[in-house]
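Student: If you're matching them up, the sequences are chains A and B in order.
In terms of the numbering used here, the first sequence opens at residue 1 and continues consecutively.
In terms of the numbering used here, the second sequence opens at residue 262 and continues consecutively.
There is no bait here: all hints are sound.
With beta-carbon atoms standing in for the labels, derived distance ranges: (1) Arg130(A) <-> Leu492(B): 21 to 31 angstroms; (2) Glu89(A) <-> Val319(B): 15 to 25 angstroms; (3) Val319(B) <-> Thr15(A): 32 to 42 angstroms; (4) Gly29(A) <-> Ile348(B): 52 to 62 angstroms; (5) Glu64(A) <-> His482(B): 51 to 61 angstroms.
Read the hints as simulated data drawn from the structure, not as lab findings.
Heads up, the beta-carbon is just placed ideally off N, CA and C, and yes, glycines get one too.
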Amino acid sequence: MKPPRISDERLIELTGIEKWFGKTKVLDGVDFHVRKGEVVVLIGPSGSGKTTLLRCINHLETVEAGQVKVRDELIGYRMRRGRLVADYERNIAYQRREVGMVFQRFNLFPHMTVLENITIAPLKLRDVPRQKAEEDAMELLRKVGLPDKAHAYPAQLSGGQQQRVAIARALAMQPAALLFDEPTSALDPEMVGEVLAVMRDLAGTGMTMVIVTHEMGFARQVADRVVVMANGQVIEEGEPDRIFSDPQHPKTRALLSAVLH
Amino acid sequence: MHFDWGYFWSQLLTPSGAFLHGLFLTVLMAVAAQLLGSIFGLGVALCKMAPNRVLRAVAGGYIWIIRGTPLLVQIVFIYTGLAAANILRFNDIALPGGVIFPGSVQAGILALALNEAAYMAEIYRSGILSVDRGQFEAAKALGMPPAMMFRYIIMPQALRIILLPIGNQFNIMLKNTTLVSVIGVSEMLLVTETINSATFRTFELYAMLALYFLLLTSLWHLFMSWAEQRLARSSDRLAAPRKTLAGGKEAAA
Ligand SMILES: Nc1ncnc2c1ncn2[C@@H]1O[C@H](COP(=O)(O)OP(=O)(O)O)[C@@H](O)[C@H]1O
Ligand SMILES: [Mg+2]
Numbered sequence: 001m002k003p004p005r006i007s008d009e010r011l012i013e014l015t016g017i018e019k020w021f022g023k024t025k026v027l028d029g030v031d032f033h034v035r036k037g038e039v040v041v042l043i044g045p046s047g048s049g050k051t052t053l054l055r056c057i058n059h060l061e062t063v064e065a066g067q068v069k070v071r072d073e074l075i076g077y078r079m080r081r082g083r084l085v086a087d088y089e090r091n092i093a094y095q096r097r098e099v100g101m102v103f104q105r106f107n108l109f110p111h112m113t114v115l116e117n118i119t120i121a122p123l124k125l126r127d128v129p130r131q132k133a134e135e136d137a138m139e140l141l142r143k144v145g146l147p148d149k150a151h152a153y154p155a156q157l158s159g160g161q162q163q164r165v166a167i168a169r170a171l172a173m174q175p176a177a178l179l180f181d182e183p184t185s186a187l188d189p190e191m192v193g194e195v196l197a198v199m200r201d202l203a204g205t206g207m208t209m210v211i212v213t214h215e216m217g218f219a220r221q222v223a224d225r226v227v228v229m230a231n232g233q234v235i236e237e238g239e240p241d242r243i244f245s246d247p248q249h250p251k252t253r254a255l256l257s258a259v260l261h
Numbered sequence: 262m263h264f265d266w267g268y269f270w271s272q273l274l275t276p277s278g279a280f281l282h283g284l285f286l287t288v289l290m291a292v293a294a295q296l297l298g299s300i301f302g303l304g305v306a307l308c309k310m311a312p313n314r315v316l317r318a319v320a321g322g323y324i325w326i327i328r329g330t331p332l333l334v335q336i337v338f339i340y341t342g343l344a345a346a347n348i349l350r351f352n353d354i355a356l357p358g359g360v361i362f363p364g365s366v367q368a369g370i371l372a373l374a375l376n377e378a379a380y381m382a383e384i385y386r387s388g389i390l391s392v393d394r395g396q397f398e399a400a401k402a403l404g405m406p407p408a409m410m411f412r413y414i415i416m417p418q419a420l421r422i423i424l425l426p427i428g429n430q431f432n433i434m435l436k437n438t439t440l441v442s443v444i445g446v447s448e449m450l451l452v453t454e455t456i457n458s459a460t461f462r463t464f465e466l467y468a469m470l471a472l473y474f475l476l477l478t479s480l481w482h483l484f485m486s487w488a489e490q491r492l493a494r495s496s497d498r499l500a501a502p503r504k505t506l507a508g509g510k511e512a513a514a
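Please put together the full structure from these sequences, using the hints given.
Tutor: Quick look at the structure:
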């Protein structure tokens with residue numbers, strides 16, 4: 001039943017992830033994978049561990065147990081004398097280029113123009129010549145509908161515009177996958193649509209995406225698969241129509257009735 | 262009490278060559294020590310925040326010792342103490358053009374710089390810690406290694422925050438150079454003492470010395486005010502309210 005643009009290759013694969021913050025177990029044996037070209041929407045009540053799971057994928061969080069693999073490569077750890085040890089920051093940084101991230105609070109660099117925000121990583125990390133980097137950035141700005149804002153500073157933009165720039169900034173590194181952590185939660189309601197539209201376009205181009213969101217209508221439209229989390233565990237997953245029309249787990253039902261009604 | 266105004270004015274407005282040389286040494290040592298201390302202090306700050314426990318301990322120990330002992334003692338220790346123990350002797354260096362760079366001046370600059378580094382480290386650290394955590398995460402998520410993240414993302418934002426405290430440090434530095442007189446550097450204080458021992462115009466001479474320091478710190482203060490205004494103007498741009506888009510909503514509210 002999966003659309004042909006999704007390959008069988010597992011781009012992201014997490015197995016048996018456990019994560020503790022002090023004495024609280026925040027992720028409790030999570031298995032999670034994303035195939036190439038797939039759009040996975042992650043839903044769950046607040047505090048269920050969605051953000052933490054996302055942050056484990058690009059090693060913004062360390063894990064206490066389990067493995068994170070991107071393109072079959074172990075993230076954050078390397079073998080030393082037959083044992084896994086924490087990898088060097090430089091290597092981790094290198095691995096992070098495969099996976100872009102879009103934050104709830106945008107996190108644009110306030111001291112740089114929109115164009116600089118988008119070009120800094122390709123210029124410094126991928127050694128793209130400046131002219132090429134700027135052309136690519138302008139192309140991305142056209143894609144997110146902001147070609148006239150290239151020389152504005154983030155503080156001069158609305159929240160919706162900032163988030164669209166943040167998406168362009170992440171895309172500029174040409175990542176294999178993009179992670180979105182509640183990208184519209186910090187926005188005024190009238191700006192939610194413009195950001196979701198950009199994400200919908202992106203999904204249409206075959207981009208691999210993991211999206212944490214409370215926008216259930218959007219989730220139903222763009223998701224290939226919906227994963228439901230509660231208390232640090234994956235409690236249910238499946239095609240969006242099935243999850244939304246026939247949720248199996250009582251907590252999924254409670255969640256959906258709380259958001260939809 | 263007698264204050265010889267004529268002598269005072271003549272010394273103030275037409276200072277002797279020796280005094281001008283002292284003024285030069287004061288400014289030279291302050292600028293050099295501040296620059297060196299700022300660079301070294303950045304290293305200490307980064308070590309203090311490093312994931313590596315040993316680096317953190319070394320940096321913490323350094324700051325502890327420097328801040329816990331008098332600068333005057335540090336100066337004497339570095340110049341006289343180290344030489345007496347045959348660890349390090351500061352010899353005069355002949356620069357091209359026949360200029361001598363005296364060992365005591367080298368030691369003075371080094372001592373002031375090492376002292377400054379400890380204070381600068383704490384200032385950098387407070388600046389770095391006040392940068393939003395989201396900025397670190399965005400930089401990391403793009404794949405920037407730590408050095409690049411600090412260079413392009415964190416430090417430019419931290420420096421805006423700590424401009425004022427850094428300015429204060431240089432004000433203190435200008436005045437602290439007088440301590441180097443104890444190891445025989447003929448900066449403004451020692452020159453004044455020397456002139457005084459020949460003329461005994463103590464009151465006039467020290468009033469004049471104080472005024473020269475006041476002049477230096479005031480010039481610096483003016484420069485800092487100008488720099489802050491410039492920064493404030495660019496910060497306006499960085500933190501501009503979303504006039505165009507939120508305007509309608511605010512009016513409606
Ligand atoms: N840095 C942290 N320190 C301590 N606890 C944290 C931290 N980040 C998240 N948590 C806790 O972990 C749990 C899961 O958080 P999170 O992953 O943000 O959930 P979600 O994104 O689903 O709302 C929550 O109970 C939260 O309080
Ligand atoms: Mg969250």
